[in-house]
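Enquirer: Sequence:
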Amino acid sequence: MGTSSSRRSTAAASSEAAGNEGEASEASSEWIGPEGVAQGYEELVNAIIRPPRMQYNPAKDLGPAEFRHCGKRFLREDVELTNNRKMKMQCSWWKFNPEDAPAPQLPVVIYLHGNAACRIAAIELLKHLLNSAVTVFAVDFTGSGLSEGEHVSLGYFEREDVEAAIAHLRASGEVSTVGLWGHSMGATTALLYGDRDPTIAAMVLDSPFTDLMALANELANNAREQGLRVPGFAISMAAGLIRRSVRRRAKFDPKDVAPIQNCGKCFIPALFAHGEKDIFIKPHHSEQLHAAYAGDKNLILFDGDHNSERPDFFFDSAVIFLRQTLGVKDEHCLDVNASRSGSDTFGQGDSLFNNGARALRRTEEEMMRQAMMLSIQQGVQPAAAVTVPQEVLQQAVQSFQAVTGVGGDTAMYYVYAALSQGEPVDFAIQQYFDNDCTQAPAGWRPPAS
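Sequential numbering from 1 applies to the sequence shown in the UniProt record's numbering.
Hint data in this document are derived by calculation from the structure and do not stem from the laboratory.
Take the hints with a grain of salt, since some may be wrong.
[To be verified] Derived Cβ-Cβ restraints for the label pairs, each shown as a range:
1) D100 x E163: 29 to 39 Å
2) P64 x R247: 42 to 52 Å
3) E66 x R244: 44 to 54 Å
4) T387 x D305: 37 to 47 Å
5) R170 x K88: 14 to 24 Å
6) N97 x N46: 38 to 48 Å
7) Q430 x H332: 24 to 34 Å
8) F433 x E309: 19 to 29 Å
9) G405 x A294: 40 to 50 Å
Values in this document were obtained by computation on a predicted structure and should not be read as measured data.
The beta-carbon is built from N, C-alpha and C at its ideal position, and this holds for glycine as well.
Could you build the full structure based on these sequences and the hints that come with them?
Expert: Right, here's the structure in full:
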């Protein structure tokens, strides 16, 4: 396929995240202190690892178990799988009725949903893929939908769910080639899995991110651009606190969710796609991933945001790409244009997706964008996670000063940020050096207890 890049229209330049603000002379009341930043980041963590969970009735909401499309009979086979963590996951496979199948083995695309979605989102693909005799398999990731699990991990554990799905499909004897199609978290999952399994034939990657910690910092900096007064080094401090929180609660390190590090080891043909108006995961994420990717690749940018309805241009490009990479035979394809055949796919499921699942999927963007604004809504002094007695605070400040040679407002700032979130003074010292010994805003004081 080779390397190429195409645009439907001219891409708007992505705004760069603001750098550290060195305005130490600002009055403390104009700044969000470390406790406020940490509180906002804690909300961001909740939005990431425990977003709203979609509950639904498979018998009703996934459409009929049997349906006709373009004169052929199809069925939906619901499957319960167990991943290698012994967690059960709910899946669906839309495929030909065996008597109408054009061949004993056909290509399959596994749809991988975003962090606030579920397998219902795969319904949107049916009219595009079934016409090309490509069957569709969709999972509720563990931690999502009706599958077991309390948290999502933005791809870290979800790749094990992909592994379980692929093992099931290959064991069925009904599959010729396997492709992955992911959106947001699902696209990131595909990238994290891709270098593990070079037998995957193709990947469609809709709006992936490069690095979870970089995305979190970018969201925080976006909040600063909207008027939230957060010094850059405070963002870094809070990120360290939240990284520890995620490791304790969800048992993975956010720093390990960095598909940009996998791109150089992955050679599966890949189609990257991104909305030019996406302000949640900005287009530069796909552009950077595309640039770093080792295999055959293409990049398309389309008019839309993170969760807007994808244009025909995108679906047409994806179908052409998949027909080439999955080895689809022309004689197996249905002789119907997908845009004209959507109404007879199976009705209720399409309607549900258009009116319900896409609307819920938008909560992913809204929650993440607003997480850092929580500090404004609650004021600059939200309650700390841990009450810090004054004598303990003073002793910790002395310990901080003994190691760093720095006292006063800066020592108080770093120490309070750590102790109020249950971290030791060593964490404050490490954050100080990690942030190039950046000074605290003049006159900052911890909230009154």
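Enquirer: So, for every hint listed, does it hold in this structure?
Expert: Here is how each hint holds up against the structure:
Distance hint for D100 and E163: a CB-CB separation of about 30 Å, consistent with the stated range 29 to 39 Å. Separated by about 44 Å at the C-beta atoms, P64 and R247 satisfy the suggested range of 42 to 52 Å. With their beta carbons about 50 Å apart, E66 and R244 fall inside the hinted range of 44 to 54 Å. Between T387 and D305 the CB atoms are about 42 Å apart, so this pair conforms to the stated range of 37 to 47 Å.
The hinted range of 14 to 24 Å is satisfied by R170 and K88, whose Cβ atoms lie roughly 20 Å apart. Checking the proposed 38 to 48 Å range against N97 and N46 shows it holds: the Cβ atoms sit about 44 Å from each other. At roughly 59 Å, the beta carbons of Q430 and H332 sit outside the given window of 24 to 34 Å. Taking the beta carbon of each, F433 and E309 are about 48 Å apart, not inside 19 to 29 Å as hinted.
With their beta carbons about 46 Å apart, G405 and A294 fall inside the hinted range of 40 to 50 Å.
Consistency note: the structure conflicts with the earlier hints numbered 7 and 8.
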